[in-house]
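Starting from the known structure of chain A, arrange chain B with the ligands on it as the hints suggest.
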Amino acid sequence: MSNWDWEVFFDAFPMIIQGLGITVGLTIACYIFALIFGFFWTVADRIPIKPIHWVIRWIMEFIRSTPPLVQLFFIFYAWPVVPYVGVALDPFTSAVIGLGLHYSTYISEVYRSGIEGVAPGQWEASTALNLSTKQKWMKVILPQAIPPTIPMLGNYLIIMFKEVPLASTIGVVGILHLANDYGAQYWRYLEPLTIVAILFLVLSYPSAILINKLEKKMNQRFNKKDVLEETKGAAI
Amino acid sequence: MAEVETASTQYTAANNAEPIVKYLDVHKSFGDVEVLKGINLEIKPAEKVAVIGPSGSGKTTIIRMLMTLEKPTSGKIIVDGNYLWHMEKDGKLVPANEKHLREVRGDIGMVFQHFNLFPHMTILENCMTAPIHVKKEDKQTAKQRSIEMLEKVGLGDKIDNYPSQLSGGQKQRVAMARALVMRPKVMLFDEVTSALDPELVGEVLEVIRDIAKEGEMAMVLVTHEMDFALDIADRVLFLDKGVIAEQGPPSEVIENPKNERLQNFLHRFRS
Ligand SMILES: Nc1ncnc2c1ncn2[C@@H]1O[C@H](COP(=O)(O)OP(=O)(O)OP(=O)(O)O)[C@@H](O)[C@H]1O
Ligand SMILES: [Mg+2]
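Line by line, the protein sequences are chains A and B.
Numbering-wise (our numbering), the first sequence opens with residue 264 and increments by one.
Numbering-wise (our numbering), the second sequence opens with residue 1420 and increments by one.
If we strip away everything but chain A, and leave its shape as in the complex, we get (with noise of 0.2 Å):
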């Protein structure tokens, strides 16, 4: 392979930089599916029927212990074909549901430490002062169990994004897709690549940054005494 050209650079740029559109919807639209499927994992694993949870838990630990890949495969190649419940997706849709339900198992053991998190007395004072469940929830439980999870939420928007190439697999035409083609044709990979892993840096390093200061504003915010003294069990 020949040495760095800048006139292949900047000749592949507008090319691959076309599919940053697809890059960045599917990487939103896999993480809104993962954040609302995380929910519906949440609330299912709460309800209080030992077999129900069992076989939820089972699902969860199945779906994550399956690499994404495979995932990605069987729903696009191995499901049109499954009898009945077979349907044909596009590679797109494909993609959503693939990663959007591999990275919702993640993202609901995020909802459930923040719940978790939540000291057992709040509960039971919430009892006492004969607050309706959905009352405890929406004023007690969930303005404390939410700002601690905004920093790791945002940890798995940035953890999708670098993983939704993967999706270039099954032919969703991202960056990588791009690149890929413009190497093929022209025999060149080095700066089209170059180029992919350039968007990929710009993008998610400012994001990194964006999510620790949230992270230091959410600490303070919350008061991390308050949460240091709670884990110490002592009272607030």
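Simulated from the structure, these hints should not be mistaken for laboratory data.
Any given hint could be a false lead.
[As the list claims (entries may be wrong)] Selected chain A positions facing chain B (in silico; Cβ < 10 Å):
{"id": "1", "residue": "THR305"}
{"id": "2", "residue": "ALA382"}
{"id": "3", "residue": "GLN385"}
{"id": "4", "residue": "TRP386"}
{"id": "5", "residue": "THR390"}
{"id": "6", "residue": "LEU392"}
As the structure is a computational prediction, the values presented were derived from the model and not from experiment.
Backbone N, C-alpha and C define an ideal beta-carbon position, used for all residues, glycine too.
Positioned in the frame of chain A, the structure of chain B with the ligands alone reads:
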């Protein structure tokens, strides 16, 4: 009634009233361990009951069942004439649902050992939330009543602070104000001073004493403060191994105990 109303005539009057709370043969087990072995208890309106006893004897469990935080294994609890953990359906008694529990537990309030204030709310919001959302009071009334209650417990200047900015004694006084604005008929106190630094205990006991003097609310106090119990309680229960082993006016139970284990228990406190 005679015009001279002494403390003792008040006590007798209270004694003739219908009980506000009744426990009928209440048992409670955790797993295989039975921690309450048949509690029978009547609490009159405005009566002040102190519950004493060794660690693990079931004091906390008794009042948590009344607050609906713990479900009795068997037996019945009646609050102001209504079953707490049961409701009538087609003429039969069936386990209560959440709606029924909500209706009945409105009469009960509780102050916890570890305060359990809401850390994301100001002191004022801590007090206002339940009157607004549970009692459907308008915001202005709830706010005014909450401020009055906070002034009463000596925290009128802290209403916009957050719990993390208060001392333990102040937190516990907020917790009392928060429970009091709901105007319960029975207020439960679970060792409310035992998580406090010794120098902060006095201010909290002082507030409880004030509340007790006002009179109309029944109070059940789980406490290790014997002098305090002697001072404000109409009746003291000595709980031992899941049963009420001795009860009576504090002058008898604390100053002249008959039960041998109670004598030992008190002896340990005196020394
Ligand atoms: N949720 C629970 N699960 C299992 N066992 C419990 C639970 N709550 C209480 N117990 C047990 O029940 C018994 C009575 O507990 P309880 O808290 O009522 O005692 P107590 O008289 O309040 O004691 P202390 O003075 O230490 O507060 C104890 O042996 C305790 O270990
Ligand atoms: Mg206790």
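TODO: Output the numbers, in ascending order, of every earlier hint that fails for this structure.
DONE: Per hint list: single violation, 1.
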